[in-house]
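Protein chains: 2
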Amino acid sequence: MLIFTKSLFTLKKENPNKENLPDNFSPAVLKKIQQARKNQPNTEELITNILSGDIGALSRAITLIESNNPNHFTEANAIIKACLPHANNSVRIGITGVPGVGKSTFIEAFGKHLTKLGKKIAVLTIDPSSSLSHGSILGDKTRMEELAKDPNAYVRPSASGDTVGGVARKTRETITLCEACGFDTVIIETVGVGQNEIAVHSMVDFFLLLNVTGTGDELQGIKKGIMEMADAIVINKADGDNIQKAVLAKAEMNNALHLFPAKKSGWIPVTLTCSSKTLEGINEVWETISNYIERTQNNTFFESKRAEQNEFWLMETIENQLKQDFFNNSEVQILLEKTKKAVQNNEYSPFAAAQLLVEKYFNTKT
Amino acid sequence: MLIFTKSLFTLKKENPNKENLPDNFSPAVLKKIQQARKNQPNTEELITNILSGDIGALSRAITLIESNNPNHFTEANAIIKACLPHANNSVRIGITGVPGVGKSTFIEAFGKHLTKLGKKIAVLTIDPSSSLSHGSILGDKTRMEELAKDPNAYVRPSASGDTVGGVARKTRETITLCEACGFDTVIIETVGVGQNEIAVHSMVDFFLLLNVTGTGDELQGIKKGIMEMADAIVINKADGDNIQKAVLAKAEMNNALHLFPAKKSGWIPVTLTCSSKTLEGINEVWETISNYIERTQNNTFFESKRAEQNEFWLMETIENQLKQDFFNNSEVQILLEKTKKAVQNNEYSPFAAAQLLVEKYFNTKT
Numbered sequence: 001m002l003i004f005t006k007s008l009f010t011l012k013k014e015n016p017n018k019e020n021l022p023d024n025f026s027p028a029v030l031k032k033i034q035q036a037r038k039n040q041p042n043t044e045e046l047i048t049n050i051l052s053g054d055i056g057a058l059s060r061a062i063t064l065i066e067s068n069n070p071n072h073f074t075e076a077n078a079i080i081k082a083c084l085p086h087a088n089n090s091v092r093i094g095i096t097g098v099p100g101v102g103k104s105t106f107i108e109a110f111g112k113h114l115t116k117l118g119k120k121i122a123v124l125t126i127d128p129s130s131s132l133s134h135g136s137i138l139g140d141k142t143r144m145e146e147l148a149k150d151p152n153a154y155v156r157p158s159a160s161g162d163t164v165g166g167v168a169r170k171t172r173e174t175i176t177l178c179e180a181c182g183f184d185t186v187i188i189e190t191v192g193v194g195q196n197e198i199a200v201h202s203m204v205d206f207f208l209l210l211n212v213t214g215t216g217d218e219l220q221g222i223k224k225g226i227m228e229m230a231d232a233i234v235i236n237k238a239d240g241d242n243i244q245k246a247v248l249a250k251a252e253m254n255n256a257l258h259l260f261p262a263k264k265s266g267w268i269p270v271t272l273t274c275s276s277k278t279l280e281g282i283n284e285v286w287e288t289i290s291n292y293i294e295r296t297q298n299n300t301f302f303e304s305k306r307a308e309q310n311e312f313w314l315m316e317t318i319e320n321q322l323k324q325d326f327f328n329n330s331e332v333q334i335l336l337e338k339t340k341k342a343v344q345n346n347e348y349s350p351f352a353a354a355q356l357l358v359e360k361y362f363n364t365k366t
Numbered sequence: 001m002l003i004f005t006k007s008l009f010t011l012k013k014e015n016p017n018k019e020n021l022p023d024n025f026s027p028a029v030l031k032k033i034q035q036a037r038k039n040q041p042n043t044e045e046l047i048t049n050i051l052s053g054d055i056g057a058l059s060r061a062i063t064l065i066e067s068n069n070p071n072h073f074t075e076a077n078a079i080i081k082a083c084l085p086h087a088n089n090s091v092r093i094g095i096t097g098v099p100g101v102g103k104s105t106f107i108e109a110f111g112k113h114l115t116k117l118g119k120k121i122a123v124l125t126i127d128p129s130s131s132l133s134h135g136s137i138l139g140d141k142t143r144m145e146e147l148a149k150d151p152n153a154y155v156r157p158s159a160s161g162d163t164v165g166g167v168a169r170k171t172r173e174t175i176t177l178c179e180a181c182g183f184d185t186v187i188i189e190t191v192g193v194g195q196n197e198i199a200v201h202s203m204v205d206f207f208l209l210l211n212v213t214g215t216g217d218e219l220q221g222i223k224k225g226i227m228e229m230a231d232a233i234v235i236n237k238a239d240g241d242n243i244q245k246a247v248l249a250k251a252e253m254n255n256a257l258h259l260f261p262a263k264k265s266g267w268i269p270v271t272l273t274c275s276s277k278t279l280e281g282i283n284e285v286w287e288t289i290s291n292y293i294e295r296t297q298n299n300t301f302f303e304s305k306r307a308e309q310n311e312f313w314l315m316e317t318i319e320n321q322l323k324q325d326f327f328n329n330s331e332v333q334i335l336l337e338k339t340k341k342a343v344q345n346n347e348y349s350p351f352a353a354a355q356l357l358v359e360k361y362f363n364t365k366t
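From first to last, the protein sequence lines stand for chains A and B.
Heads up, the first sequence is in UniProt numbering, so the first residue is 1 and it goes up one at a time.
Heads up, the second sequence is in UniProt numbering, so the first residue is 1 and it goes up one at a time.
There's no promise every hint is true.
No copy is singled out in the list; a pair is fine if it fits within one copy or between any two copies.
Claimed, not checked - Below, computed lysine-lysine pairings styled on DSS-like, alpha-carbon distance capped at 27 Å:
hint, residue 1, residue 2
1, K263, K340
2, K341, K81
3, K224, K250
4, K224, K305
I should point out that these hints are in silico values taken from the structure, not numbers from a laboratory.
Construct the complete structure from the given sequences, taking the supplied hints into account.
If you want it as structure tokens, here you go:
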């Protein structure tokens, strides 16, 4: 044993650049492995390629960030850390709306308008359905086909996940990568039905709610909380026979918006109409956003909101990780169900029970 | 030194029931101390007295629960645990309203009405001003003087505290003690301006918002969230020239209530008018609450809401204790400020930074 250890040590010393392999290892196999490793870019190469605008490297890095394999965590963190000084320089737009309002066609029309203006657009889509079907209902390839072909656009279905926290982290870090890769406008699309909107609202500069004409019934499909977050409501499909109804819906939405308290940004939410078919009003949407960005950059709200968002995610992640560690603790899991029952049946004060559980949890740590 | 230790040990062994005192300790002083200890009821006596309806014992136990002295925690927990099987049998009513709506005079009129009906009323008041002035603005003694004199009523200004969590625990456990002491109706009064209302809403069966006549301006003084929690809105001071305005305000409030989503209880919030001076409408308030209790007890909402509330406080307290331990950790405190700055300045991903902080925190535990 001692001899073997010694011989390995000697081998290492004598051939510091060579792998410690048994003698009967074929040199052909070794060469093959080395070649495969060479083809796979290392972390530094990946970073350099992202910073030079290489879409392939960007996609590869996003995959690493989305990976739940712990072996990828260190590399993903290193890439993010290296990209951060080159990020933070895009306009981040959140776009939401219930199914059927035409989000994909709107983003395609809007995105193409922006690339014509010389902008580089990244579109990240968060689709809750994809976590069930492992793919969007319509299939990722058939959505925004035109925009995806545009050399100045990058369309990527964002990670789905079991937790809002997980989706948030992956999406937020993907924004950083896209910015470092040279995209000056990042659009995050969500389906306006769940928790994801709140998370996305906390990572974008401008939050846009897409809607269609309709009666009060349809208006109720949008959660009040989502409407309250909107910096603009855009009534889509304002074309043909629909134009008049769209103008009415715009007025109705405008009234509804006035019921919400004033925004810290000083911005008064805007209602617009547009058609993704005739492209009428698409430019006005961009002008509204530009106007917002200019104003909030002038009154320093833009920068302070981003700093606040970063702190929000720091604190949010700390809380989530503390809770996760607690609720994943095997002793806690055994005790928690019993404790819940005892507390529900008034056998134990919930406060005293909580204190006891937390004490037992900390005892498992020492 | 060794001899002294040995002699003390010998003393203990020889006189197991006597205190270990120096020889020159006066027997008269010893007797005095023992007498004072005897007069102070021990935990078992305190519990027995609470369960037999002794107000003095109740007050003493509440003081123990409110104490921030760690030496009192074990005793307080033991009392609560012993009282729990005898608690849970009152109607718990939360009453809130902005300053000036006449909460104290209303509760006095309402409470006296209830004691006349043969009920035993406990009134706990949570006044945020008392944590600043160490006493209510009006002084605790001058408020609800009449009700406090009633042998079937118990008025107690509840604990103030630095944290909502702390106030919640003390108030919630005081309810348990009052119930064990035989009070069948517990009223918790808060000033409708802050976070305490949400906490109180999570420990009562019925939540009543007290208001006065007024224009839209005054209506805006009430936070929408508080109005949304209300099971009834009572327009107070509906007397003299004010009656007509009160009727109008009632209609206005009723309209506002309809904008909120339906309640899980199936209960449709009620608007009432009353006068704490003429006592007009006071009985209707009680009838409304009785009606609510009867209905929700019949549809099992009453019991399931209480079980839910208990679970809510269990989970809430766990989260608070986990966060408290983290943020009070001296290593975390040193690192957190630096980390916040780094994250705000985009030097570090908030997610990676949070992970690192939590890891370092757990390392301090082992």
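Quick rundown of the hints versus the structure:
| no. | hint | result |
| --- | --- | --- |
| 1 | K263 with K340 | between (40 Å within a copy, 25 Å between copies) |
| 2 | K341 with K81 | between (46 Å within a copy, 15 Å between copies) |
| 3 | K224 with K250 | both (16 Å within a copy, 25 Å between copies) |
| 4 | K224 with K305 | both (22 Å within a copy, 25 Å between copies) |
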